[in-house]
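Peer 1: Produce the complete structure using the sequences and hints provided.
Chains as they are written, first to last, in our numbering: chain A, 4 to 316; chain B, 4 to 316.
No wet-lab data here; the hints were simulated from the structure. Please note: incorrect hints may appear among the correct ones.
Copies of the same chain look alike in the list, so a pair counts if it fits in one copy or across any two.
[To be verified] With a Cα cut of at most 20 Å, we get these calculated SDA-like pairs of lysine to any residue:
hint, residue 1, residue 2
1, Lys37, Leu56
2, Lys187, Val128
3, Lys110, Leu56
4, Lys110, Asp190
5, Lys110, His64
6, Lys187, Gly173
There are 2 protein chains.
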Amino acid sequence: MTETLTAILDWGTSALRATLIAADGRVLDRRESKSGGIQYVEDGNFEAALFRLIGDWFDAHGPFPVAACGMITSRSGWVEVPYVDAPAGVAELAAGARRITLQNGAKMTFLPGMRDPAARPFPDVMRGEETQIVGFGLARDRTLVLPGTHSKWARIEHGRIASFQTFATGEIFALLTRHSFIAKAPDPVPGSTPVWQAFDRAARFAASDDPGAKALLAAFFSARSGLLAGALQPGDIFDYVSGLLIGSEFRQARAAGWLHPGEAIGIIGNQVMNERYGRVAALFGLTVEPGPDEAAMLGVRIIAETPKQDKQS
Amino acid sequence: MTETLTAILDWGTSALRATLIAADGRVLDRRESKSGGIQYVEDGNFEAALFRLIGDWFDAHGPFPVAACGMITSRSGWVEVPYVDAPAGVAELAAGARRITLQNGAKMTFLPGMRDPAARPFPDVMRGEETQIVGFGLARDRTLVLPGTHSKWARIEHGRIASFQTFATGEIFALLTRHSFIAKAPDPVPGSTPVWQAFDRAARFAASDDPGAKALLAAFFSARSGLLAGALQPGDIFDYVSGLLIGSEFRQARAAGWLHPGEAIGIIGNQVMNERYGRVAALFGLTVEPGPDEAAMLGVRIIAETPKQDKQS
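Peer 2: Quick look at the structure:
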């Protein structure tokens, strides 16, 4: 039996992903199970689902600790963990974690999501992204963007996550390219190079002083009017809409106060999204501070391994 | 045979609507045919489709004139009519019309749509809405909004349609309420009263000075976060999203320069949309100038009955 290993679980609605890491952070093994996704687990028997995926790790190494984040900590998951309110740092997130002991004696930690009670018009929420932010590092005051279906913009101040806001950019992109009349576009062949000319053209428009750039509901229609005018080709639409939306996300984030002149911006996403967001950041005059690889895993470890203590008085 | 009657055709992709009117504008009869919609007409035999719907009107009254607008004047229609460029008034629209003689000797006029070559990033287009604007009246300088799947904002100046811009408000509304994760909502029972409290709450937020109101991509998510926070109920979402979108349309139209302080605004839509747009106009401090009933029909008559002449030099 050893305490030098840890399993990190990214346990969501549609899949369970497990990573076995050594004390120095090296990844020793990875597993993924669709049948472990919350929606597929029968009768709430989450422990059985976990052992089906990583039982042999325990057999080989004994009951090492496990840390989980994602929807597994929501009401529909295994152990519901209340949101921790912003501002919050590692200590508050660790204090909000819930711990149980598995049947084999292993200690399992469920990490909390975060809520921003100051967000308008309603409190905003995230569950999982806070681990990426912690993994990025809270040492310097920074604005971070985490691209996604529901992108998060977050502000780090005084070593804590001070505030955050959700932008529905990725979901609007999917709606427009899959279901709309104005911008329906086939998914590009996986791995193909984006049509950067179309992407940049739209992103530059969104970043410009043109009065039309202030009206996103009107700019959406430019995918259609560009096609009718012969200025865009059908193969341009996917990346044109991507550039328009990400450019508008930065424009609106600036208007909502997220950009701080002279500061670099952190971008934490996959390689594809980091490239798109990085191109737009440059259009807005921002330098990009890259995050560490595996920011989420790093953040989970940092929070899970922080001793639970009373809040400082 | 008489020239005192006119048939006005609103001939679109999915339906053909015909109205028989007397010289004084009285409506004598109305017909509608789904099978006359452009997409259902076989082999381009539009004249046969027209006679199937209103042949008996000709039998009764002789070959009176017919005027048509809508997608029937597009490339996929019967007679393609090139767009007339803004700025344009009744004379330019009449000059752009195409006339043919039907087999029974009736004169038929196809009205042009309009293009705004100054729109950014690409020229904007409309086909049909310009007849509603002409029906509203071009006498006074005014901004008009025509609610719809693709709303139009148009500026009347010096007796002509000076410019216009398409806002995809209605389409985004449909995408969000039908297909999105964040704001999926069942259609309300037809004829039921809107949840005005939810509509007004969202519209007021969109009109406010709150930094979040400047970020529509973030505000979209409030339909979801409001539900999670218990501040919105499932039955609120449809009208909350409607208020958020129409409020944002006005906000963005103002930012794009469409609102002129001290002026009334014209709203030309159906009764349901006029009420929604009127409530939001009041939030933006605007008085509403109602348009005439049957603005489109009135506009078609005005354009179709204007003698074709050379542009003034």
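Peer 1: Within, between, both or neither: how does the pair Lys187, Gly173 come out at a Cα-Cα threshold of 20 Å?
Peer 2: both (15 Å within a copy, 16 Å between copies)
Peer 1: 20 Å Cα cut-off: does Lys110 pair with Asp190 within a copy, between copies, both or neither?
Peer 2: neither (43 Å within a copy, 48 Å between copies)
Peer 1: Given identical chains, is Lys110 near His64, meaning Cα to Cα at most 20 Å, within a copy, between copies, both, or neither?
Peer 2: within (14 Å within a copy, 90 Å between copies)
Peer 1: My question is about Lys110 and Leu56: at a cut-off of 20 Å on alpha-carbon distance, are they close within one copy, between copies, both, or neither?
Peer 2: Classified as within: same-chain Cα gap 17 Å, cross-chain 77 Å, threshold 20 Å.
Peer 1: Please sort Lys187 with Val128 into within, between, both or neither, judging by C-alpha distance up to 20 Å.
Peer 2: Cα proximity of Lys187 and Val128: across copies only (19 Å, versus 30 Å in one copy).
Peer 1: How do Lys37 and Leu56 come out at 20 Å by Cα distance, when the copy is not named: within, between, both, or neither?
Peer 2: within (10 Å within a copy, 57 Å between copies)
Checked against the numbered hints listed earlier, the structure breaks hint 4 alone; every other hint is satisfied.
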